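The primary structure of each chain is shown beneath.
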Amino acid sequence: VFRILIVEDDINITKMLEAALAIGGYTFDSCDDGNEAVQQIRRDKYDLVLLDVMLPGMDGFAVLDTIRSLGCNTPVIFLTALGSVADKVKGLRGGAEDYIVKPFEAMELLARIEVVLRRAGKGATQLQYKDICVDIGKHEVMKDGKLIALTPKEFDVLVFFMRNPDIVITREQLLLNVWGFNFTGESRSVDIHVQQVRRKLSLQRSLFTVPKIGYRLNAWTGAKGDFL
Amino acid sequence: MRLWQKISLISLAFVMLAIQITQYTLLERSFKNSVQREKETAVAVHEALCASLSNHASYQRLKAEKILLSTTEIDELLSNTVTPEISAASSIHVLRDGEIVAIAGIDIFSGSLEFDLYQLTFDAVDNNGFSVITDIYSVPHLVVCSDVCIETVEYTLFTAYDISDIYITRDKEITSARLTSILYGAAISIVLFIFVWISLHPLKTAVHTIRAAANGNYNLRVSEKGSEEMRVLACSVNHMSASIDEREQKLMETADSRKRFADSMAHEMKTPLTSILGFADILRIQRTISDTQRREYANLIVQEAKHLRSLSSKLLQLASTDGTQLDISAVPIEQLFADTVASFKPIIDQRNIHLDVTHKNAVLQVDRELFLSLLYNLVDNAVKASADNSTIRLIQSHLNGHTIISVIDEGIGMKPDALRHATEAFYMEDKARSRNNGGVGLGLALCEDICRKHGARMEISSVYQKGTAVAIYMDTAHLSISKVTGSKEKEALK
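Just so you know, the sequences run in chain order A and B.
Each residue of the first sequence is one higher than the one before, counting from 1 in the numbering used here.
Each residue of the second sequence is one higher than the one before, counting from 1 in the numbering used here.
Just so you know, the hints here were simulated from the structure itself, not pulled from any lab data.
Quick caveat, the model's predicted, so the values are computed rather than measured.
Accuracy of the hints is not assured; some may be wrong.
With a cut-off of at most 20 Å between alpha-carbon atoms, the simulated EDC-like pairs for lysine to aspartate or glutamate come out as follows [said to hold, decoys possible]: (1) Lys259(B) / Glu36(A); (2) Lys431(B) / Glu36(A); (3) Lys431(B) / Asp59(A); (4) Lys15(A) / Asp291(B); (5) Lys306(B) / Glu296(B); (6) Lys88(A) / Asp263(B).
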């Protein structure tokens, strides 16, 4: 289980982040002051820091500089209201892994966290869902011990669902995370890919269409075999 | 050609010309004096010769014991007597009726001499003696001529004197004068060049500074030394740099404060939006959610949306005070105070806050809506800062031609540091408390804006834990013309 530090001075945003991280299955601590954040990062071992830029005490850029100069390589994602390119460049130059502009959706946050953790070599390389076993490194999908042939996009769609079980995933999020930011095609192709994944892996009873929003892969509780 | 070179060369030319003219005049005068002296000497010698010849003739006549010597005898006597030794003259001629009777030294009438004998003889007879300077065999001579009567016979005596010495002296003097003038000229030109270069050097530094300013460096200053003009130039250049620097600073400050305002606004708008969007998304994507959670999230969404609502209304107010024309009218202060108190009636009753109103029945020339909003904001701040059962005073008074409106509370006050930033947009001393009260950090910024629009001045004084007093100083004289200023501002905005 990954541990994430939330550094944010607005109490309601902190609550929202905590709720979102809980959905993603992460454990977390939070603090609302720059100086305190530096102390906490030095003291405890975190897998990721969500860092607000405008903070009392010491601003986010300074916090990042300080922890980097102390030799701490914990990945950092900036959360900020400042959306200009210059601000983004400043943040990323300073050694941040990613930069999320407020306001953002909870799902987007979770997806970005996942990407950053994976890039930091902390994400899982093997995923298990019921009798389906996915090896991301080998790009292989086994169901019941048998190899299932998937196109690269279908593979990515499956992995995205397995990484975010029990969460409604919108077509936009799938587009953004599987097809990339600049995809200009139709969301119809998303539906086709999801249907292909559902058919090839017999997920008709687990991968649901949520009307008007998107899809949801129901959580699989493992031992009980209850995957409603 | 450079200016300093031009100035030097022109000055040098004039100086040299002046030197040459002076030298020439002096030399010419001294030469004339020499010639005059020479002439006087020559005339004296000539007259002495005349006298001696005359005496000699008389003596010979007496010696010969004759009453009268014949012309031939005198001619013979003269030709024998006249030798180069008898006089200092280099040449002596004695003529009678245009015929040479006796001669000694150089023959001035022979050969290719330019000397017109007859003309001279004629002149001599006419003028009874003259002197002239002429070249004889290329040597300058002074020729003196006069009629002389020897033993009743008229003779003409010519004597010539070599005056090449004074010509040589003159030539020597001219040569030496030229030499010295060249030397002096060289010396003067060096001094001039250096002096002019030094005098004009400030120009160079001024140009350097202006160039630096053109390239965006306004910190260079020219040293204000040297001649009056250069000091003025340096002073002007420095003044220019300084004022450009100042303007740029001001522009940068304005840009900075705009950026700060935009950043703060982005932050203030996006913070509630982040919570709203985040919680809404969580409610949307989570399959199972407990009732308590759902209610908590929904509550937070409502809370943040309300905050956004008050923020947007304040921003709207701020935007509407900016750039809109004031609708000035005569408003009795009594009415303004009454309206303000009325709008706080429920909350002050509920919290048992006493709102004490004192006024002198003044009539203000103000924009009614804006001024009400100003009073509302100030009283709102006071109510928020005050504890239950305390007193807030709303006072209007006169002082030195000013109308003063004060809002005084006995609330929590501000620390000096917070007081300094109090009117900054989005500044909140205690964010959590402000937000719980529905504050967005724009109230005092808005108040100051409204005061500025009315040509009034707002002063805040505060003691931490004791209370805060906000005073608005309105210049009554200014108020009567504020309508005009308002329309002008409007025009400027267009």
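Handout entry: Index of numbered hints that the structure contradicts, given in increasing order
Key = Hint check: 1 fails alone, others pass.
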